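Peer 1: Listed here are the chains, written in short residue letters.
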Amino acid sequence: MLYINCPHCGMRSQNEFSYGGDASVKRPELNKEVSDQEWDNFVYNRKSLRGKHLELWQHISGCRQWIKVERDTATHEIFRTFKADEEVA
Amino acid sequence: MQKYSIFNLVKNAFSNHENWDLAWKDPTPKEEYDVVIIGGGGHGLATAYYLAKEHNITNVAIIEKGWIGGGNVGRNTTIIRSNYMHDENGLFSEFGMDLWRKMSQDLNYNVMFSPRGIINLAHSDAQMNAYARRGNSMRLNGIDAVLLNREQVKEIIPMADFSENVRFPIFGGLMQPSAGTARHDAVAWGYARQADSMGVDIIQNCEVIGFDVSAGKIKGIRTSRGNIKAKKVGICVAGSTNILAEKLNMTLPIETHLLQACVSEPVKPVLDNVVTFGAGHFYVSQSDKGEMVMGGDLDGYNSYAQRGNLPTLQHVLTEGIAMMPFLSKLKMLRTWGGIMDMSMDGSPIIDKTHIDGLYLNCGWCYGGFKATPASGWTFAHTIAQDRVHELNAGYSLNRFNTGHLIDEKGLGTKTWIS
Chain L
-3 MLYINCPHCG
7 MRSQNEFSYG
17 GDASVKRPEL
27 NKEVSDQEWD
37 NFVYNRKSLR
47 GKHLELWQHI
57 SGCRQWIKVE
67 RDTATHEIFR
77 TFKADEEVA
Chain P
144 MQKYSIFNLV
154 KNAFSNHENW
164 DLAWKDPTPK
174 EEYDVVIIGG
184 GGHGLATAYY
194 LAKEHNITNV
204 AIIEKGWIGG
214 GNVGRNTTII
224 RSNYMHDENG
234 LFSEFGMDLW
244 RKMSQDLNYN
254 VMFSPRGIIN
264 LAHSDAQMNA
274 YARRGNSMRL
284 NGIDAVLLNR
294 EQVKEIIPMA
304 DFSENVRFPI
314 FGGLMQPSAG
324 TARHDAVAWG
334 YARQADSMGV
344 DIIQNCEVIG
354 FDVSAGKIKG
364 IRTSRGNIKA
374 KKVGICVAGS
384 TNILAEKLNM
394 TLPIETHLLQ
404 ACVSEPVKPV
414 LDNVVTFGAG
424 HFYVSQSDKG
434 EMVMGGDLDG
444 YNSYAQRGNL
454 PTLQHVLTEG
464 IAMMPFLSKL
474 KMLRTWGGIM
484 DMSMDGSPII
494 DKTHIDGLYL
504 NCGWCYGGFK
514 ATPASGWTFA
524 HTIAQDRVHE
534 LNAGYSLNRF
544 NTGHLIDEKG
554 LGTKTWIS
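Top line first, the protein sequences correspond to chains L and P. Residues -3 to 85 (our numbering) make up the first sequence, in order. Residues 144 to 561 (our numbering) make up the second sequence, in order.
Wrong hints could be hidden among the right ones.
[Unchecked claim] Simulated crosslink set (SDA-like; lysine to any residue; CA at most 25 Å straight-line):
1. K552(P) with Y15(L)
2. K432(P) with A448(P)
3. K43(L) with L414(P)
4. K557(P) with G6(L)
5. K557(P) with Q33(L)
6. K208(P) with E66(L)
7. K79(L) with K557(P)
8. K390(P) with K79(L)
9. K146(P) with Q33(L)
10. K495(P) with A358(P)
11. K48(L) with G443(P)
12. K43(L) with E389(P)
13. K48(L) with K208(P)
14. K297(P) with K48(L)
15. K390(P) with F38(L)
[Said to hold, decoys possible] To list a few chain L residues with every Cβ distance to chain P over 12 Å, as calculated:
16. L(-2)
17. P3
18. G6
19. E25
20. L45
21. G58
22. R60
23. F78
24. A80
25. A85
Derived from the structure by calculation, the hints contain no laboratory data. Keep in mind the model is a prediction, meaning the values are calculated, not measured. Beta carbons are placed, not taken as given, at the ideal position from N, Cα and C, and that holds for glycine.
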């Protein structure tokens, strides 16, 4: 069982959350020409590496907010959590 | 190579089975190979076998970080089927079914292929319609499919829950009678033994740490046991694909996810077929030892852990008990996990890459085991001829760019969402 520290609600079990994928992916900016490659990178291509991974989760059975979680994909250890709009250094 | 036969079995009995040849050797890597296959799983071993058998290329090495057959080919739930709707998947898998049927003779190794049939249960009228459509598509591609009504399903699996007041009543099902199971380890060992006998070097405990590429052409690989030159390199590493892709500065439409499976204590024969639940993701079959072999959803987040987490197991088994209530009486014997190369449309990739002489085989999602022979056969063809075969032409890497997705499940770009 993973325990995720929701920045809005505190420590909760993973059962309350649903997963949203890689949080480092950025949508191409509006009002500018976007190449096919840029769309590909946004929609399909993922690094998905072993080790530290910044990812989105939604606290779907709690406050329903999207949050960012920094987690190790090999050990499942969770290091830090952030609000969705927080910049991660 | 010693042939496995009843006569050799009797002959070796007189020497207490102490004089059998090793099934495969443990060679030191040579300086150079015509083809290097990275990954000694089912697909890698099959690729090497078909390179030697179909294309007469025997100066081949399989480079495996751990031991052969220690990844997903040793961790799956052994289901073999070709019940796909889309042409690309259906024709590819049905080609594989033919290879499965003659595999034991072909490899001189009993892979215990058991075509016991698979039944996908339907729990609504809409699902029955969808299955009728899929069954018709299958039959157009020459794959056997039978649409069963509720009574016919009850005849085959009376132990399922056929009561009226359940959340997901059984309306019927789609059956592929020629689908089945096989002994997964035997598949890896059978391919390894034959490949080795034809001159392929199986190099275990050898990790790939880098690639030598110059002027857009592959020159060789760097490993924990030294540099190996190679004219061609095939990557066949399932859940570890992204780790190697990073060394090549490639970003792929693949995420690595965790999938669990489990078996119950052994019980007397109760289930003849493979059965899948239609209102979620759960499947069950009974092994020759009597264990109920079960599996279902991914854990749902990127993972390289190769071990599971209990909430998902609970979720999956809840579906199982809804489908077959007697399962709740059984004790769990083992659970385990493996890491899946989840592609963005749920279909695999067998293709050339932008690097000359480098080939990619990945994206098998839940369905890697059944594809082992067809994947090895087409990947060997792609490597040997330097062009894709018509069977794997649809499994191109650039289909995500051109929009030719093979979205069998209609899940879009997040195949881990269920």
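Peer 1: With reference to the structure, classify each hint as holding or not holding.
Peer 2: Results for each hint:
1. K552(P) with Y15(L): This hinted pair holds, its Cα atoms lying about 19 Å apart.
2. K432(P) with A448(P): Violated, because 28 Å separates the two Cα atoms, which is more than 25 Å.
3. K43(L) with L414(P): At roughly 42 Å apart (the allowed maximum being 25 Å), L414(P) and K43(L) break the hint.
4. K557(P) with G6(L): Not satisfied, since the Cα-Cα distance of roughly 28 Å exceeds 25 Å.
5. K557(P) with Q33(L): holds (19 Å)
6. K208(P) with E66(L): violated (28 Å)
7. K79(L) with K557(P): At roughly 23 Å apart (the allowed maximum being 25 Å), K557(P) and K79(L) satisfy the hint.
8. K390(P) with K79(L): violated (32 Å)
9. K146(P) with Q33(L): violated (53 Å)
10. K495(P) with A358(P): holds (16 Å)
11. K48(L) with G443(P): This hinted pair holds, its Cα atoms lying about 17 Å apart.
12. K43(L) with E389(P): Satisfied, since the Cα-Cα distance of roughly 7 Å is no more than 25 Å.
13. K48(L) with K208(P): holds (22 Å)
14. K297(P) with K48(L): Distance of about 49 Å is beyond 25 Å: violated.
15. K390(P) with F38(L): Satisfied, since the Cα-Cα distance of roughly 21 Å is no more than 25 Å.
16. L(-2): It is violated; L(-2)(L) is separated from chain P by about 7 Å at its closest Cβ, not greater than 12 Å.
17. P3: holds (18 Å)
18. G6: holds (19 Å)
19. E25: holds (19 Å)
20. L45: L45(L) is in fact no farther than 12 Å from some Cβ atom of chain P, at 6 Å.
21. G58: holds (15 Å)
22. R60: holds (17 Å)
23. F78: holds (17 Å)
24. A80: holds (17 Å)
25. A85: Non-interface label stands for A85(L): nearest chain P Cβ at 21 Å, farther than 12 Å.
The structure fails hints 2, 3, 4, 6, 8, 9, 14, 16, 20 (numbered hints given earlier, in ascending order).
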